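Peer 1: Residues per chain, in single letters:
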Amino acid sequence: MVEDKNKVESQSNLEAKANWNSKGSSPILRIMAYPIAIIMMAMGVMTILGGHITPGGGFQGGAMIAGGIIFGVLVYTLDGTPIKISHEFISTLESFGAFVYVILGLIGLILTGSFLYNFGADFYSLVPSTIQMIFHYPDVTNAGIVPYLNIAVGLKVLVGLSAVVIAFSQFKKLGED
Amino acid sequence: MVSIVIGPILFGFLFGLVLGTRIRRKEENSFKFTGSAIVALLIGSLLMSLDLGQFPFYADLPIATAFLSAIIGILIGSLLFGSSAKGDN
Chain A
1 MVEDKNKVES QSNLEAKANW NSKGSSPILR IMAYPIAIIM MAMGVMTILG
51 GHITPGGGFQ GGAMIAGGII FGVLVYTLDG TPIKISHEFI STLESFGAFV
101 YVILGLIGLI LTGSFLYNFG ADFYSLVPST IQMIFHYPDV TNAGIVPYLN
151 IAVGLKVLVG LSAVVIAFSQ FKKLGED
Chain B
1 MVSIVIGPIL FGFLFGLVLG TRIRRKEENS FKFTGSAIVA LLIGSLLMSL
51 DLGQFPFYAD LPIATAFLSA IIGILIGSLL FGSSAKGDN
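Here the protein sequences come in this chain order: A and B.
Residues 1 to 177 (our numbering) are what the first sequence spells out, left to right.
Residues 1 to 89 (our numbering) are what the second sequence spells out, left to right.
These aren't lab readings, by the way, just hints derived from the structure by calculation.
All values derive from a computational prediction rather than experimental measurement.
Don't take every hint at face value.
Taking lysine-lysine and the DSS-like style, the derived pairs with C-alpha atoms no more than 25 Å apart in a straight line are [claimed, not checked]:
{"no.": "1", "chain 1": "B", "residue 1": "86", "chain 2": "A", "residue 2": "173"}
{"no.": "2", "chain 1": "B", "residue 1": "26", "chain 2": "B", "residue 2": "86"}
{"no.": "3", "chain 1": "B", "residue 1": "32", "chain 2": "B", "residue 2": "86"}
{"no.": "4", "chain 1": "B", "residue 1": "86", "chain 2": "A", "residue 2": "172"}
Simulated restraints on C-beta separations [as the list claims (entries may be wrong)]:
{"no.": "5", "chain 1": "B", "residue 1": "62", "chain 2": "A", "residue 2": "175", "range": "48 to 58 Å"}
{"no.": "6", "chain 1": "A", "residue 1": "125", "chain 2": "B", "residue 2": "28", "range": "52 to 62 Å"}
{"no.": "7", "chain 1": "A", "residue 1": "175", "chain 2": "B", "residue 2": "56", "range": "46 to 56 Å"}
{"no.": "8", "chain 1": "A", "residue 1": "105", "chain 2": "B", "residue 2": "38", "range": "38 to 48 Å"}
Each residue gets a CB set at the ideal place from its N, CA and C atoms; glycine is no exception.
This is chain A alone, in the form it adopts within the complex (with noise of 0.2 Å):
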């Protein structure tokens, strides 16, 4: 008698902690993460985009918007958050941004001998001004590929952290299955 109450206790424990969100989050998280979560993730881009004159960059803005998305995870749980992270979609910025980073490095190893030569700037003359004009970053600080580079960066690191919290939020679920 003593072992089926204790049983029974258990069984609701376990299915407590499985279903550790069953009742919702809070209204206030409810109501606040969505736009904080949008918030964290412009501020993210904001870091990206200023890695070449403050402090920052690829990898710590890219985990800021990571953040942004976990944040959601958390508070939503996967199967309600708003921010719908799906497998191509990582699997296509991962790329993209990998992609992008070993062309720009292959570009300044073909046309200067050396592998991520910023031939946007240009510093030494190497490379024609047409393609200096076209990889030059739009801005007053003559960075060159640089910026580029640090929004390759950004991409595979939000991309690559997301993946990683959800994986972990699915496990016990592929465990029940």
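Once you have looked at the hints, place chain B on chain A.
Peer 2: Chain B only, in chain A's frame:
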């Protein structure tokens, strides 16, 4: 005549657009992004961008153009493509 730095505006908007394509405006059990909510978010982000200020050496506008254009990009991306966004969980 102040020349506006277009780098952060252009790339902030594009980055925000890509992120916005994955954001659903009206999801069950969460905050609903109606028209008035979008206006409130835009006013709030404008105040935030004024307080953040522009990057150093960019002496064009007193607001954080990268932040503001990212917010606008996210909202436009969400309005245009967000309703068809699906997660595969």
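Peer 1: Taking the CB of residue 62 of chain B and the CB of residue 175 of chain A, does the distance hold inside 48 to 58 Å?
Peer 2: Given about 53 Å between the Cβ atoms, the range holds.
Peer 1: Evaluate the given range 52 to 62 Å for the C-beta pair formed by residue 125 of chain A and residue 28 of chain B.
Peer 2: holds (59 Å)
Peer 1: Does the structure keep residue 86 of chain B and residue 172 of chain A at a Cα separation of 25 Å or less?
Peer 2: holds (21 Å)
Peer 1: Take the C-alpha atoms of residue 26 of chain B and residue 86 of chain B, compute the straight-line distance between them, and say whether it is at most 25 Å.
Peer 2: holds (13 Å)
Peer 1: Within a Cα-Cα threshold of 25 Å, do residue 32 of chain B and residue 86 of chain B meet the stated pairing?
Peer 2: Holds, at about 17 Å.
Peer 1: Is it true that the CA of residue 86 of chain B sits at most 25 Å from the CA of residue 173 of chain A?
Peer 2: holds (19 Å)
Peer 1: Looking only at beta-carbon atoms, does the pair residue 105 of chain A, residue 38 of chain B fall within the given range of 38 to 48 Å?
Peer 2: holds (40 Å)
Peer 1: Given the hint of 46 to 56 Å, check if residue 175 of chain A and residue 56 of chain B actually sit that far apart at their C-beta atoms.
Peer 2: Check passed, 50 Å falls within 46 to 56 Å.
Taken one by one, the earlier hints all hold for this structure without exception.
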